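Q: Let the hints inform the model, and build the full structure from the sequences given.
Respectively, the protein sequence lines represent chains R and V.
Be aware that the first sequence starts at 1, since it is given in our numbering, and climbs by one per residue.
Be aware that the second sequence starts at 1, since it is given in our numbering, and climbs by one per residue.
Since the hints were derived computationally from the structure, they do not count as laboratory data.
The structure displayed is predicted, hence computed values, not measured ones.
No residue lacks a Cβ here, since even glycine has one placed at the ideal position from N, Cα and C.
Misleading hints may appear alongside valid ones.
For lysine-lysine, the following DSSO-like pairs were computed, each having C-alpha atoms within a straight-line distance of at most 30 Å [unchecked claim]:
1) V:Lys41 - R:Lys3
2) V:Lys19 - R:Lys73
3) V:Lys19 - V:Lys41
Computed beta-carbon distance windows for the label pairs [stated by the list, open to error]:
4) R:Arg63 - V:Thr80: 43 to 51 Å
5) V:Val12 - R:Met11: 30 to 38 Å
6) R:Thr20 - V:Thr80: 44 to 52 Å
7) R:His118 - V:Pro61: 38 to 46 Å
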Amino acid sequence: AQKITQTQPGMFVQEKEAVTLDCTYDTSDPSYGLFWYKQPSSGEMIFLIYQGSYDQQNATEGRYSLNFQKARKSANLVISASQLGDSAMYFCAMRETGAGGTSYGKLTFGQGTILTVHP
Amino acid sequence: ETGVTQTPRHLVMGMTNKKSLKCEQHLGHNAMYWYKQSAKKPLELMFVYNFKEQTENNSVPSRFSPECPNSSHLFLHLHTLQPEDSALYLCASSQDPTGAWGNEQFFGPGTRLTVL
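A: As structure tokens, this is what we get:
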């Protein structure tokens, strides 16, 4: 079974509007972290936002916010006031607690969602 | 200077060639990673190094051989590759892969590898 599922292969949004990119995850670990990365056509993966499983509040970073619903195991990314430069591939990723309580940084990525922002 | 650099950015090689990918991080991090990104597939973790010691080998074929001489440099030596190994190879680093959950990974721009 996939650990990270991004069901939207592609999304379109009008400039200045908000958009939500979906991410659901599957884990039995009580302690885990969720990340969103942006990958422009240049290839570099750019870290956007992080949510810890024990965090009480949803994470926010500028125009990015993470809608964390733990019971539903979802961690959707919300981008407000979309800009043309937001057009890119977006990846959701999860880091679980590994054996012995350490994860050694293993990130599991979803398939990604291509976001296109129209002027 | 850019946090994580990778060279070369593009590489074309034959199946009998031997080549190496280089990654360097200027962030003072202790952990480094190799990922493979194939078309239409999620990023796949290949190797993890923590303080120069390999802590993860994700069932990667032996034709990929990593080397981490120090915490700032990571190499991926390639030999007798197959066409299906063509992909974007991404290097990343993080402060410490254990414990702290806000410990995000910083990625380099990747090497686009084509095996003929």
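Q: Are the hints correct? Go through all of them and say.
A: Do the hints match the structure? See the list:
Pair hint Lys41 of chain V plus Lys3 of chain R holds up; C-alpha atoms about 14 Å apart against a cutoff of 30 Å. Using a Cα cut-off of 30 Å, the hinted pair Lys19 of chain V and Lys73 of chain R is violated, with the two alpha carbons roughly 42 Å apart. Only pairs whose Cα atoms come within 30 Å are accepted, and Lys19 of chain V paired with Lys41 of chain V is accepted, the gap being roughly 24 Å. A hinted range of 43 to 51 Å for the beta carbons of Arg63 of chain R and Thr80 of chain V is consistent with their spacing of about 46 Å.
The beta-carbon spacing between Val12 of chain V and Met11 of chain R, approximately 33 Å, falls within the hinted interval of 30 to 38 Å. For Thr20 of chain R and Thr80 of chain V, the Cβ-Cβ distance of about 45 Å falls inside the hinted range of 44 to 52 Å, so the restraint holds. Here the CB-CB span from His118 of chain R to Pro61 of chain V is close to 43 Å, well matched to the stated 38 to 46 Å.
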